[in-house]
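A.B. asks: Chain by chain, the residues run as shown.
2 protein chains.
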Amino acid sequence: MDTLINDLLNIVGKTGVLLGDDIALRSVDWFTKAPCEAKAIIRPQSTEQLSQVMAKCHAAKQPVVTHGGLTGIVHGAVASPNELVVSLELMNQIEAIDAIGSTMQVQAGVTLQRVQEAAQEIDMQFALDLGARGSCTIGGNIATNAGGIRVIRYGMMRQQVLGLEVVLSDGTVVSSMNTMLKNNAGYDLKQMFIGSEGTLGIVTRAVLRLHPNMPSEQTALVAVPSFDALTSLLKLASKDLANSLSAFEALWNNHYALMTSATTKHTPLLATDSPFYAIIETLGSDEKQEAEAFARVLEKALEAGLITDAVLANSSTQRQGIWDVREDIETLVHELNPMFSYDISLPITHMNEYVTALEGKLNAQWPETGTMVVFGHLGDGNLHIMITVRDASPHSRREVEELVYGSLVKYNGSISAEHGVGLEKRDYLALSRSPEEIALMKRMKLALDPKNLLNPGKILA
Amino acid sequence: MDTLINDLLNIVGKTGVLLGDDIALRSVDWFTKAPCEAKAIIRPQSTEQLSQVMAKCHAAKQPVVTHGGLTGIVHGAVASPNELVVSLELMNQIEAIDAIGSTMQVQAGVTLQRVQEAAQEIDMQFALDLGARGSCTIGGNIATNAGGIRVIRYGMMRQQVLGLEVVLSDGTVVSSMNTMLKNNAGYDLKQMFIGSEGTLGIVTRAVLRLHPNMPSEQTALVAVPSFDALTSLLKLASKDLANSLSAFEALWNNHYALMTSATTKHTPLLATDSPFYAIIETLGSDEKQEAEAFARVLEKALEAGLITDAVLANSSTQRQGIWDVREDIETLVHELNPMFSYDISLPITHMNEYVTALEGKLNAQWPETGTMVVFGHLGDGNLHIMITVRDASPHSRREVEELVYGSLVKYNGSISAEHGVGLEKRDYLALSRSPEEIALMKRMKLALDPKNLLNPGKILA
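Read top to bottom, the protein sequences are chains A and B.
Note that our numbering gives residue 514 to position 428 of the first sequence, counting from 1, and the numbers run on in steps of one.
Note that our numbering gives residue 163 to position 77 of the second sequence, counting from 1, and the numbers run on in steps of one.
There could be a bad hint or two in this list.
Claimed, not checked - Heads up, simulated BS3-like pairs for lysine-lysine below, C-alpha to C-alpha not over 25 Å straight-line:
id : chain 1 : residue 1 : chain 2 : residue 2
1  : B       : K374      : A       : K321
2  : B       : K537      : A       : K528
3  : B       : K374      : A       : K325
4  : A       : K537      : B       : K537
5  : A       : K537      : B       : K528
6  : A       : K531      : B       : K528
By construction, these hints were calculated from the structure, which means they are not laboratory data.
Quick caveat: nothing in here was measured; it's all calculated off a predicted structure.
Starting from the given sequences, assemble the full structure and let the hints guide the process.
C.D. replies: Below is the structure:
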């Protein structure tokens, strides 16, 4: 065994080190299930242990890849045989809850779902929500600045974090566990680490912001006759449901029709010939009031011709049925095999033009095999685009990437709305960021991780 | 004239340079009206001009202090005779408004109030609000991460900024004018500059997030019998008005009684013998619904003994009357002359203990002259404390500072909730931040401004 591993074994103990077959047993890619190739997986049980681990790695110039719940899809967790993995899986405690201050203090390895449940237990809510909730961890949510379905109301993960503890590449522990909504005593250091994908520091603990519980949930699936009607509907809902609108998801016809086709497990709740669909959701505290306001908006939209049909969920089963169509990625993976997945953002006004042009180019280049589906968080300017050309070769992948990302440039769009960059989008970063921005990112990286040990090669080449 | 000034004159033209008497005419301190002492005030008219100015200053190792609306109160705008001031006052345009994307693109020198009004004109709102709205600028709001009265609903300035353009100390322009709610394409660079008080870069333009307009505004002033009742009232309002609660301001008896005493211009709307008062405000889209919900909460609070009396504003004049007592700082300055002003945050659960202990110590040390008033944004954990000992000597000031800040340490409180650090609180930074945090701040400063030219000596020694 190499000396470093032996040193680390002395720090974290036997249960803290995985070697050999145990490494390849875990996959680093949710889509491809590619096995982990790291030389070892180190599992510290405390910040102090991790600090010592990083001090040793720093001295040995050992690069490290941090693992959370492994639900990321931009290859941010890929580790090569010369790299060590640090997994936060044994640091998964909820340490404290303050109902008056509306905060929760947790270790980074706790899952999103456990945090959500712990908040519910004291009649509050943790506002971040996304499909991978059962597996993804708070540390991963912070490292990637996770988004999800309620950003329009509560913001991304960045807005849910009040305090942070990180271990720097040399083992220094920076504890910045602020619990207050307001704290302007110097630079807000946590902001640098949120969304930096493990390249600037390793998140070990956090203070999370809780929100009041919202017992009243209204959900509808509506059919929308045009893209203009879709943006007008968003405007109407944003205005008339301003305080309570918590999700506004758009589904292009190609998504809804595929997801509810005969070969899938979903039955269509609405006819499948509408150009667009939307899932609208509100969260509130007063069931009667919320239901009335919600129904009024749907009526208004129907009268104005912004929607042509609607299903209003009147049970949690129906609500789940509506969301299942949106959240079921497995069916997409199966139907669009082999599938390329994209997560972009651009100004809402340009979305339809962008999507139509992209579809045109895809069909021109792959007239037989090109298929795409589009859905996403319209209110956030965020679209998910899934494409297959029935060929997973690197060459085809690159050609599709160039179509998807290349067409974004003229709209000042982003190659990554919420998934991050990782390895997958690294080569396209310059399409969304200027040379000055990338130079500044590199300056930050150099200042914080001068030996380039933390998730090296991710985000920045 | 020195060569550098001459070079800068060639860049910004004659109207762009203020010299001699024009410099001392403007004060750098809202409280003391102390005159500016800089060697010149440079007023660029474009980002390009500022970029050239900074390139020259960088070559000449010329330190620079950035000025916005000069409403800050931590001496962040103080400039010594060897420093140049860069004022953004001529860069005050609103460049674009996107009603569908809900964004506004502005130059840094525009006032907060003009941004608020421009948003209203398209039936939207800009959510940051604070007393200095007519003078403070968006650039200053960004540089200080301004807070104000609606943080509980909309967050601080940080949450209102989608994109940013900054000029670095060497003149490099970093344009990161993102317009989307979600953009995870690499590090979110703007976060570093927000709240850095002009020490890392000069903000020149921004993309601001707009929110739907909220035509229905409910405001009440209530009398609260105890601190426990105050936190229970906050909890009740946060829960039952979860979506619409936009302000929850607490006034200690010492504040309310002083502000409505015979020598001031305010008449008390409620008897002045209650231990605490609160101003509660909601913003919503449906007047009838909001008014009903608001009245229900006040009834509930009255029944539960959380409040003993209430005035509900039924006109904008009454609403203004309630807010005037809270926002009238001039009267405080007059009544508590010479006044020391503090802006701290700490966990809500410890607030009463902290304030009581502080008042005890103040009265013990200055039995004849010590007077303090307390008010602030309870929901944010943020208190403003105004103190006089009828003596403005540096010695007395320091003794009072030590009382106020020293007592915060055991609660992990912050010496600055929303005003920033500037020069005024610099020596106390270590009370709110660990050596590791301060070391990391210095590392950031060194990485971004290696010659220490931008607002040198502010925040960090």
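A.B. asks: Run every hint past the structure and note whether it holds.
C.D. replies: Against the structure, the hints:
1. Distance hint between K374 of chain B and K321 of chain A is fulfilled; the C-alpha atoms sit about 22 Å from each other, no more than 25 Å.
2. For the proposed pair K537 of chain B and K528 of chain A, the alpha carbon gap of about 19 Å is at most 25 Å, so the pair holds.
3. As the CA atoms of K374 of chain B and K325 of chain A are separated by approximately 16 Å, the hinted pair is consistent with the 25 Å bound.
4. With a C-alpha separation of about 23 Å, the suggested pair K537 of chain A and K537 of chain B falls inside the 25 Å cut-off, and the hint holds.
5. With a C-alpha separation of about 19 Å, the suggested pairing of K537 of chain A with K528 of chain B holds against the 25 Å cut-off.
6. Only pairs whose Cα atoms come within 25 Å are accepted, and K531 of chain A paired with K528 of chain B is accepted, the gap being roughly 15 Å.
Checked against the numbered hints given earlier, the structure satisfies every one of them.
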